[in-house]
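J.: Each chain, letter by letter, is given below.
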Amino acid sequence: MTLEVMLKTMGIGMLRTGGIFCLTLLGSLPLGMIVALLRKSRIKPVQWVIKIYISIMRGTPLMLQLLVWYFGPYYLFDLPIKGWRYPAIILGFVLNYAAYFAEIYRGGIESMSVGQYEAAQVLGYTKTQTFMKIILPQVIKTILPSVTNEVITLVKDTSLAFTLAYQEVFSLAKQISASQTSFIPFVVAGIFYYVANYAVAFVMERIEKALDYYQ
Amino acid sequence: MKKTVSLILALVMIMGCVFALAACKGTDAQNNSGESDAADVSKDDSPEAAYVFLDEKLGIESYAIGFRKDDKELADQVTAAYKALVKNGTYAEIGEKYPDIKDYLNLKAEDISDDEIAEQGSGDANYTFKHGFDLDFPPYSYRQDDGTVGGFDVEMAQALCEYLGWKYEPVPFNWDAKDAELTAGSCDCSWSGFTLEGREDDYCWGITYSKNEQGILVAADSGIKTLADLAGKTVGVQTATSAYDMLEGEDGKSELCQTFADLKVYETYTIAFSDLKAGAIDAIAIDMTAGAFLIANDKK
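Protein chains in written order, with the working numbering: chain A, 371 to 585; chain B, 12 to 311.
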């Protein structure tokens, strides 16, 4: 296999990896916020359900969760799973990452001092206004470094999609390595992950700087 | 803004350099491999090949096509069509393309009578045959030099569908999850160098089309000549392979395995082979066909 063919083949895998990455972020960043707010809900049963959800998502390997999402419908409900492979991968990643993001958001929200809420109340803000206009902007600023961490982990975790035989960049690297008896595909995959993460870190740093308006 | 642009430019340049370096290395490797291919031929003639199989084998097994237990009808249909492909020479023709395994393909056209074979175009034209296979298993099913999916089993399955008039759908799966994929119906069969022995009751078996011997691969200068010499040595094997089952299983060669200093279980044979080359392990227990492929593609 020439290097050109290898790069071309793996390039398709990189696009697929990028697809998982984007869809996961698109789903889990907002979902995480919903989960974080439900976690602080005054209705106790809701709190319990969310606590159990977060505990399971964080307490079991993502690889296992992917297998359950894909094969679960068949084994539990006897449903046909044709065409379910990709949705199952995205569902698995979104639900898992939403749990982590939810805890990051919660940490950010709870770090806000009571004074902020009191001041907002004095100024006549409603609860929703207080959250959207006063608390949330500050929370976002505080949690950005932790979010960056999680996003970088996500780039590397996409390789777990190989469990469900999705032909992303790491699966392809493994296959090409097996057929070419060579480690070069892994080197190419490594460079890809590094460059992707460098880009993520770079973009997040820009966003952090842009939000640094009090300095 | 200017800073951003310059940073992005720098990044692109670094990437360019890295890829250019990799490319140079790649062409070097190719040139070298061209030379070493020539060298290999001479090596094969002399007894000085760098890696050799022990004369004593671990065992002989066979590859067959596995179907769901309740899918006897499909298994019979595929078997009849496979026999037709053996009879009309397609089997031998495709086998010629894979010299590493040619000797192991043991079906003969003259052994097959005309009443066993399926008629051409006798399949339901609306049926899609979902061929489940592992992409890490050269040369039966793997990613080929041009980046496409291929291999002996893949070509046979395609020829078989064409013969019957079925539509063909490749379903690459993760080998560890093959049973789940098969049971859940995302594929119709497990057909990729799939060993029959030890799994007789777990599947409805179609035709047995290839022999499969497990052997021990060692460095030619290691001094290991027999299975008994492996006592106190470190042996590598790939997880979930028949060589692994044989060494770890109760009725196989577990006694032999106990004489080893250690049995190292790898994700792929490529990594195990690198470890052998680096001298970290003394031997590899492997299917002869897969081992022959590793030796043939050993670039250094």
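In case anyone wonders, no lab produced these hints; they're calculated from the structure.
There could be a bad hint or two in this list.
[As the list claims (entries may be wrong)] Listed next, the stretches of chain A that the computed footprint assigns to chain B, with coverage defined by at least 3 CB atoms under 8 angstroms from CB atoms of chain B:
{"hint": "1", "segment": "373-379"}
{"hint": "2", "segment": "451-461"}
{"hint": "3", "segment": "480-494"}
{"hint": "4", "segment": "536-544"}
{"hint": "5", "segment": "547-554"}
[As the list claims (entries may be wrong)] Straight-line distance between alpha carbons at most 27 angstroms, and here's what the computed DSSO-like set of lysine-lysine pairs gives:
{"hint": "6", "chain 1": "B", "residue 1": "K178", "chain 2": "B", "residue 2": "K244"}
{"hint": "7", "chain 1": "A", "residue 1": "K526", "chain 2": "A", "residue 2": "K503"}
{"hint": "8", "chain 1": "A", "residue 1": "K452", "chain 2": "B", "residue 2": "K80"}
{"hint": "9", "chain 1": "B", "residue 1": "K189", "chain 2": "A", "residue 2": "K526"}
{"hint": "10", "chain 1": "B", "residue 1": "K98", "chain 2": "B", "residue 2": "K189"}
{"hint": "11", "chain 1": "A", "residue 1": "K452", "chain 2": "B", "residue 2": "K83"}
{"hint": "12", "chain 1": "B", "residue 1": "K222", "chain 2": "B", "residue 2": "K264"}
{"hint": "13", "chain 1": "B", "residue 1": "K264", "chain 2": "A", "residue 2": "K452"}
{"hint": "14", "chain 1": "B", "residue 1": "K83", "chain 2": "A", "residue 2": "K378"}
[What the hints assert, rightly or not] Partial list, derived from the structure: chain B residues whose beta carbon lies under 7 angstroms from chain A:
{"hint": "15", "residue": "T270"}
{"hint": "16", "residue": "K275"}
{"hint": "17", "residue": "Y277"}
Note that the Cβ used here is the ideal one computed from N, Cα and C, for glycine as well.
J.: Each of the hints needs a verdict: does it hold here or not?
T.: Okay, the hints, checked on the actual structure:
Counting residues of the segment 373-379 of chain A whose CB falls under 8 angstroms from any CB of chain B gives 6; the rule of at least 3 is met. Three residues within the 8 angstroms Cβ limit are the bar, and the segment 451-461 of chain A against chain B gives 3, so the coverage statement holds. Against chain B, the segment 480-494 of chain A contributes 0 residues with a C-beta closer than 8 angstroms to a partner C-beta. That does not satisfy the three-residue criterion, and the hint is violated. Residue count for the segment 536-544 of chain A with a Cβ under 8 angstroms from a Cβ of chain B: 4. That meets the three needed, and the coverage hint holds.
Using a Cβ-Cβ cut-off of 8 angstroms, 8 residues of the segment 547-554 of chain A lie near chain B, which meets the minimum of three, so the contact claim holds. Between B/K178 and B/K244 the CA atoms are separated by roughly 50 angstroms; this puts the pair beyond 27 angstroms, and the hint is violated. With a C-alpha separation of about 34 angstroms, the suggested pairing of A/K526 with A/K503 is violated against the 27 angstroms cut-off. Pair hint A/K452 plus B/K80 holds up; C-alpha atoms about 20 angstroms apart against a cutoff of 27 angstroms.
With a CA separation close to 25 angstroms, the supplied pair B/K189 and A/K526 stays within the 27 angstroms bound. A hinted pair counts as satisfied when its Cα atoms are at most 27 angstroms apart, and B/K98 with B/K189 does not qualify at roughly 30 angstroms. Distance check on the hinted pair: A/K452 and B/K83 sit about 22 angstroms apart at the alpha-carbon level, within 27 angstroms; holds. Distance hint between B/K222 and B/K264 is fulfilled; the C-alpha atoms sit about 19 angstroms from each other, no more than 27 angstroms.
Distance restraint check for B/K264 and A/K452: the Cα-Cα separation of roughly 40 angstroms exceeds the 27 angstroms cut-off, and the hinted pair is therefore not satisfied. Proximity of B/K83 to A/K378 is assessed by CA-CA distance (about 41 angstroms); at most 27 angstroms being required, the pair is judged violated. Hint on B/T270 is violated. Least Cβ distance to chain A is approximately 29 angstroms, over the 7 angstroms limit. Nearest Cβ of chain A to the Cβ of B/K275: about 18 angstroms, over the 7 angstroms cut. The hint is violated.
Hint on B/Y277 is violated. Least Cβ distance to chain A is approximately 12 angstroms, over the 7 angstroms limit.
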